[in-house]
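K.L.:
One letter stands for each residue in the lines below.
Protein chains: 2
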Amino acid sequence: MTSGFEQLERGPANYTPLTPLSFLAWAARVYPGKTAVIHGERTFTYAELAARVRRLGSALARRGIGRGDTVAIMAPNVPAMLEAHYGVPLAGAVLNPLNYRLDARTLAFILEHGQAKALITDREFSSTIAEALALLGRPILVIDVDDPLYEGGRLVGEKDYEAFLAEGDPAWAGVGPVDEWQAICLLYTSGTTGDPKGVVYHHRGAYLNALGNALTFGLSPRAVYLWTLPMFHCSGWTYTWAVTAVGGTHVCLRRVDPALIFPAIARHGVTHMCGAPIVMTMLIHAPGAVKTRFAHTVEMATGGAAPPSTVISAMEAMGFRVTHLYGLTETYGPATVCAWQEDWRALPLAERAAQMARQGVTYVTLEDMMVADPETMQPVERDGRTMGEIMLRGNTVMKGYLKNPGATGAAFRGGWFHTGDLAVWHADGYVEIKDRSKDIIISGGENISSLEVEEQLYRHPAVMEAAVVARADATWGETPCAFVTLKPGAAATAEEIIAFLREQIAHYKVPRHVVFGQLPKTSTGKIQKFVLRERAKEIGRAD
Amino acid sequence: MTSGFEQLERGPANYTPLTPLSFLAWAARVYPGKTAVIHGERTFTYAELAARVRRLGSALARRGIGRGDTVAIMAPNVPAMLEAHYGVPLAGAVLNPLNYRLDARTLAFILEHGQAKALITDREFSSTIAEALALLGRPILVIDVDDPLYEGGRLVGEKDYEAFLAEGDPAWAGVGPVDEWQAICLLYTSGTTGDPKGVVYHHRGAYLNALGNALTFGLSPRAVYLWTLPMFHCSGWTYTWAVTAVGGTHVCLRRVDPALIFPAIARHGVTHMCGAPIVMTMLIHAPGAVKTRFAHTVEMATGGAAPPSTVISAMEAMGFRVTHLYGLTETYGPATVCAWQEDWRALPLAERAAQMARQGVTYVTLEDMMVADPETMQPVERDGRTMGEIMLRGNTVMKGYLKNPGATGAAFRGGWFHTGDLAVWHADGYVEIKDRSKDIIISGGENISSLEVEEQLYRHPAVMEAAVVARADATWGETPCAFVTLKPGAAATAEEIIAFLREQIAHYKVPRHVVFGQLPKTSTGKIQKFVLRERAKEIGRAD
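Here the protein sequences line up with chains G and W, keeping their order.
At position 411 of the first sequence (counting the first as 1) the number is 411 in this note's numbering, and the numbers step up by one without a gap.
All you need for this note's numbering is the position in the second sequence, starting with 1, plus 1000.
None of these hints come from the bench; they were simulated from the model.
These figures come from a predicted structure and were not determined experimentally.
Watch out, some of these pointers could steer you wrong.
List of simulated lysine to aspartate or glutamate pairs, EDC-like, C-alpha gap at most 20 Å [claimed, not checked]: (1) G:117 x G:131; (2) G:117 x G:160; (3) G:487 x G:257; (4) G:521 x G:257; (5) W:1034 x G:342; (6) W:1526 x W:1103; (7) G:159 x G:179; (8) W:1117 x G:6; (9) G:403 x W:1009; (10) W:1034 x G:343; (11) W:1526 x W:1452; (12) G:438 x G:195; (13) G:34 x G:48; (14) G:34 x W:1342; (15) W:1403 x G:6; (16) W:1438 x W:1534; (17) W:1159 x W:1169; (18) W:1403 x G:9; (19) W:1487 x W:1257; (20) G:34 x W:1343; (21) W:1034 x G:452; (22) W:1434 x W:1496; (23) W:1526 x W:1257; (24) G:526 x G:342; (25) G:117 x W:1006; (26) G:34 x W:1428; (27) G:526 x G:473; (28) G:403 x W:1006; (29) G:438 x G:473; (30) G:291 x G:257; (31) W:1438 x W:1389; (32) W:1117 x W:1160; (33) W:1403 x W:1195; (34) G:438 x G:373; (35) G:434 x G:383; (36) G:526 x G:103.
In silico negatives: residues of chain W with every beta carbon more than 10 Å from chain G [said to hold, decoys possible]: (37) 1009; (38) 1362; (39) 1378; (40) 1477.
Cβ coordinates follow ideal geometry from the N, Cα and C atoms, glycine included.
Chain G extracted, bound-state conformation (with noise of 0.2 Å):
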């Protein structure tokens, strides 16, 4: 190493931590004047973004609040959500948006193990917060969102939000991170056993995963994306930051509602939104009224579960586009993407659904994914039927889990991030999940992928949701067990969907039991699946 390559070093000219809070720098820079966010009536430029946000980073400061410090924010996606993602981090502090979803010891639990020393929080979860609050018994600051488009609920903080950022500089120049290594944000996973874990993402994660998304999404300036996914979950998949990265126009919108979606999408000529399968089901049943006709293609990002072939259909009907993402908090949300390939188009669309519902293949920002024994950690065979954890590793994966280096220890083992999803490898290189490690059903020795079983539910005219789960059972093991939401006006009896799946699947794998009702459901949109755990030992006792 005798050659004068390493002789060149860093300054500020040519070297500067990765971080999204670029991104608005960038974007107010460029694009003044456009509008940033769009929320009803109201809307804001990217200067007045810009202005917003170092008024909320300064006046954070001048309490005390900077490097190193929890930030938590209770609200939908209104705008001091966003703005939060990068106010905060412009205090240089960490932003821990709230599930709210949660019940308040939850969030007294993560208030408290996150060290938060501030929460803004909105009118709308100010009962539950109150009770948090009280549970948490240390004083934090307390902000409330007091947002015109909600009525009800109280303030419960010492300070308006809006008269937070009359207390800012709006030429603030920030602190930001002197390690694009910081943390940026802290998002509690919603375990379903024990505590939730604190996943901590870094600056450096945080600007690639956007910068992944951007491209893979073909987001450009003319993006108009529409709030449709909790800014809570994994930061918006990083779009808080990604729309922002191409000076594309947010829509905030408080509630998932097709009555507000459709319109929504027509006045401000959506062009990107994003959802668990759910929000998909939830504008297919919409009653036709609320169904605005709009003449543009809208790309639809799903993620959380594999869209069934009908649910692919009826959107393109509509006027959608949609991928499929996968991913968890621990990776910033999406990691991979079901990339579409030229010879799909060819086919019929039951086989081109199929294809659509595996998780695919990397974003071009992650480093590499395998599929492989968890024991081992031997890549199985790319056949298609050989089940293995699917691994991830690279720039996009989390720091770690807070305070928990046990848990952080085994999730990076053998120097990859273990998803807990099993799935086979398919010969051209894409992923498919065929279950959670524990939501597989073990019958009689017969591994039966409880999913392969819901997509066949999902076939059956009358079914609009369906899960399945095993039930203990005294010969086999386990017995898959089934819990089905019916379509609007439609009519089944158990026996009918258990007839239907017989000529379907092989019969060990149909399900002995067929529960009718509301599923249970996570704040993301997923199906609790322990929650019908224990209600199928339930339906087993009054047999």
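Since the structure of chain G is provided, determine the placement of chain W on it from the hints.
P.N.:
Just chain W now, kept in the frame of chain G:
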């Protein structure tokens, strides 16, 4: 800092050095069967390209070439040139793409200064290279690119490129960078005075500028990129990596010739291409017979000089959309873009072209830009009138000049990269170059922008190309002197052109002399004003 955020450390699961090598690994996983490279009748899929690259890297490694070593390449836009941008860094080495328009003496200087251990060279340049190698006076490994699409020249090396690849292992894992700050490319600026300076790129900057290009130019997996820009020029403005980062198709082109370009656009469905304004001028003035029509719009990015309004409108009429970029070798090529603003759509062509002729605003991946007084480093007013020097900073600024701490220190003085370009800063944040520092003409104490005079010359219906330089004058210090190439078949006298200009601009700005003929150009298509200055002296003597 009692929080636990800092205790979470980097590991292989969540950290990897940024490198454009990851783009090829990704494309080969996601699009293995897709056409990566087209060269004449030959095509390579991404799986094939990746295998060829691994062969190249391992063949170099087997010859003992690795970390910190330099491998030079002298080739037009052929597959070997693209492959070298991956294969050489995969071996841990630094690629030194040579400007094929340089003379043997300069090439020998570069090979010695850069300490090249190997040279890959195309038959087309064999006579110059043979001379350069003789001047170098030390033996290095020389590999011949024996491209069937070129007739002539001879083989000067010890091995044919394809035979060299055959030595390599198509499954080699590679070395890659240990650190993203490691050098990836070495590019010598075609300085007009003194020895060329070796600009060093690192993996991090190459990765980020490639993503910046992909986003700014709207690349997607459907991108078909025609190589009208030489890859030796700033590593093809990092499009060598950017096109791969989206899984697009590279269409090679040995020489810029409208008779090749138009058919290639139509045949391959080219979506994007880049080049200096001279490329557009060639396309516009090509004989009607070669102007194949195509039904789609081709995105054309240009840089090096502002596109005149006549060029923009003529390109639009032929089906191109022009984007104006600006950058330097030191900034991995493009660093700014004249980002489109929706309200320009309503402007008449002349005004729109005036907007588009500006160098614009930074890429989202560049940290910041200012127009400042180079002495005081104070930003100038954003009044569109006050001149200053364009200063840039961020991760896509070079590592520095190889073995030239003096030049590196001067370039980075005050924590900004000094571009040497004089510009004004408009109220909308867009910069507009008025001249190179050394190209400004000072006449009777008044600054004359040679670009302003040239823009007016381009408006004369008979003028195809024009350049204006200073000529020493006993009375005024300097006066402008114009060099003009007329359009094929057009005619004009010096008197007519001077009369035309006197109606457009202040009399003191009007050239005293107008010289007709071909303009001397650099290897990258820039007009060589230093040659014209010498010619201007001669005119003086002949007066």
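K.L.:
Hint by hint, note whether the structure agrees.
P.N.:
Verification of the hints:
Taking the CA atoms of residue 117 (chain G) and residue 131 (chain G), the gap is near 17 Å; set against the 20 Å cutoff, the hint holds. Straight-line distance between C-alpha atoms of residue 117 (chain G) and residue 160 (chain G) comes to about 17 Å, which keeps the hinted pair within the 20 Å bound. Between residue 487 (chain G) and residue 257 (chain G) the CA atoms are separated by roughly 17 Å; this keeps the pair inside 20 Å, and the hint holds. A threshold of 20 Å between alpha carbons decides the hint, and for residue 521 (chain G) with residue 257 (chain G) the separation of about 16 Å falls inside it, so the pair holds.
This hinted pair checks out: residue 1034 (chain W) and residue 342 (chain G) have alpha carbons roughly 9 Å apart, not beyond 20 Å. With a C-alpha separation of about 17 Å, the suggested pairing of residue 1526 (chain W) with residue 1103 (chain W) holds against the 20 Å cut-off. Annotation: proposed proximity of residue 159 (chain G) to residue 179 (chain G) is violated, straight-line Cα distance about 32 Å (limit 20 Å). Distance check on the hinted pair: residue 1117 (chain W) and residue 6 (chain G) sit about 17 Å apart at the alpha-carbon level, within 20 Å; holds.
As the CA atoms of residue 403 (chain G) and residue 1009 (chain W) are separated by approximately 12 Å, the hinted pair is consistent with the 20 Å bound. Under the criterion of a C-alpha separation no larger than 20 Å, the hint pairing residue 1034 (chain W) with residue 343 (chain G) is consistent with the structure, at around 10 Å. Between residue 1526 (chain W) and residue 1452 (chain W), the direct Cα distance comes to roughly 17 Å. Compliance with the 20 Å bound is thereby established for this hinted pair. A C-alpha spacing of about 17 Å is found between residue 438 (chain G) and residue 195 (chain G), which places the hinted pair at or below 20 Å, so the restraint holds.
Taken as a hint, the residue 34 (chain G) and residue 48 (chain G) pair is honoured in the structure, with Cα atoms around 10 Å apart against an allowance of 20 Å. The suggested pairing of residue 34 (chain G) with residue 1342 (chain W) holds, with an alpha-carbon distance near 9 Å, which does not exceed 20 Å. In summary, the hint linking residue 1403 (chain W) to residue 6 (chain G) is supported, as the alpha carbons are separated by about 10 Å, within the 20 Å threshold. Between residue 1438 (chain W) and residue 1534 (chain W) the alpha-carbon distance is near 14 Å, which keeps this suggested pair within the 20 Å criterion.
Proposed proximity of residue 1159 (chain W) and residue 1169 (chain W) is supported: the alpha carbons are some 17 Å apart, at most 20 Å. Using a Cα cut-off of 20 Å, the hinted pair residue 1403 (chain W) and residue 9 (chain G) holds, with the two alpha carbons roughly 12 Å apart. For the hint linking residue 1487 (chain W) to residue 1257 (chain W), the alpha-carbon distance of about 17 Å falls within 20 Å, and the restraint holds. For the hint linking residue 34 (chain G) to residue 1343 (chain W), the alpha-carbon distance of about 10 Å falls within 20 Å, and the restraint holds.
With a C-alpha separation of about 31 Å, the suggested pairing of residue 1034 (chain W) with residue 452 (chain G) is violated against the 20 Å cut-off. With a C-alpha separation of about 26 Å, the suggested pair residue 1434 (chain W) and residue 1496 (chain W) falls outside the 20 Å cut-off, and the hint is violated. Pair hint residue 1526 (chain W) plus residue 1257 (chain W) holds up; C-alpha atoms about 17 Å apart against a cutoff of 20 Å. Note on residue 526 (chain G) and residue 342 (chain G): the hinted pairing is violated, with a Cα-Cα distance of about 31 Å set against a maximum of 20 Å.
As the CA atoms of residue 117 (chain G) and residue 1006 (chain W) are separated by approximately 17 Å, the hinted pair is consistent with the 20 Å bound. Straight-line distance between C-alpha atoms of residue 34 (chain G) and residue 1428 (chain W) comes to about 12 Å, which keeps the hinted pair within the 20 Å bound. Of the pairs offered as hints, the one joining residue 526 (chain G) and residue 473 (chain G) is violated, with about 26 Å between alpha carbons and a cut-off of 20 Å exceeded. Taken as a hint, the residue 403 (chain G) and residue 1006 (chain W) pair is honoured in the structure, with Cα atoms around 10 Å apart against an allowance of 20 Å.
With a C-alpha separation of about 17 Å, the suggested pair residue 438 (chain G) and residue 473 (chain G) falls inside the 20 Å cut-off, and the hint holds. For the suggested pair residue 291 (chain G) and residue 257 (chain G), the alpha carbons sit about 11 Å apart, so the restraint of at most 20 Å is met. This hinted pair checks out: residue 1438 (chain W) and residue 1389 (chain W) have alpha carbons roughly 12 Å apart, not beyond 20 Å. The suggested pairing of residue 1117 (chain W) with residue 1160 (chain W) holds, with an alpha-carbon distance near 17 Å, which does not exceed 20 Å.
Distance restraint check for residue 1403 (chain W) and residue 1195 (chain W): the Cα-Cα separation of roughly 12 Å lies within the 20 Å cut-off, and the hinted pair is therefore satisfied. In summary, the hint linking residue 438 (chain G) to residue 373 (chain G) is supported, as the alpha carbons are separated by about 15 Å, within the 20 Å threshold. Note on residue 434 (chain G) and residue 383 (chain G): the hinted pairing holds, with a Cα-Cα distance of about 14 Å set against a maximum of 20 Å. Distance hint between residue 526 (chain G) and residue 103 (chain G) is fulfilled; the C-alpha atoms sit about 17 Å from each other, no more than 20 Å.
For residue 1009 (chain W), the requirement that its beta carbon stay farther than 10 Å from each beta carbon of chain G is not met, with the minimum near 8 Å. Listed as outside the interface, residue 1362 (chain W) is inconsistent with that label: its C-beta sits roughly 7 Å from the nearest C-beta of chain G, within the 10 Å cut-off. No beta-carbon of chain G is positioned within 10 Å of the beta-carbon of residue 1378 (chain W); the least distance is around 17 Å. No Cβ of chain G comes within 10 Å of the Cβ of residue 1477 (chain W); the nearest lies about 34 Å off, and the non-interface call holds.
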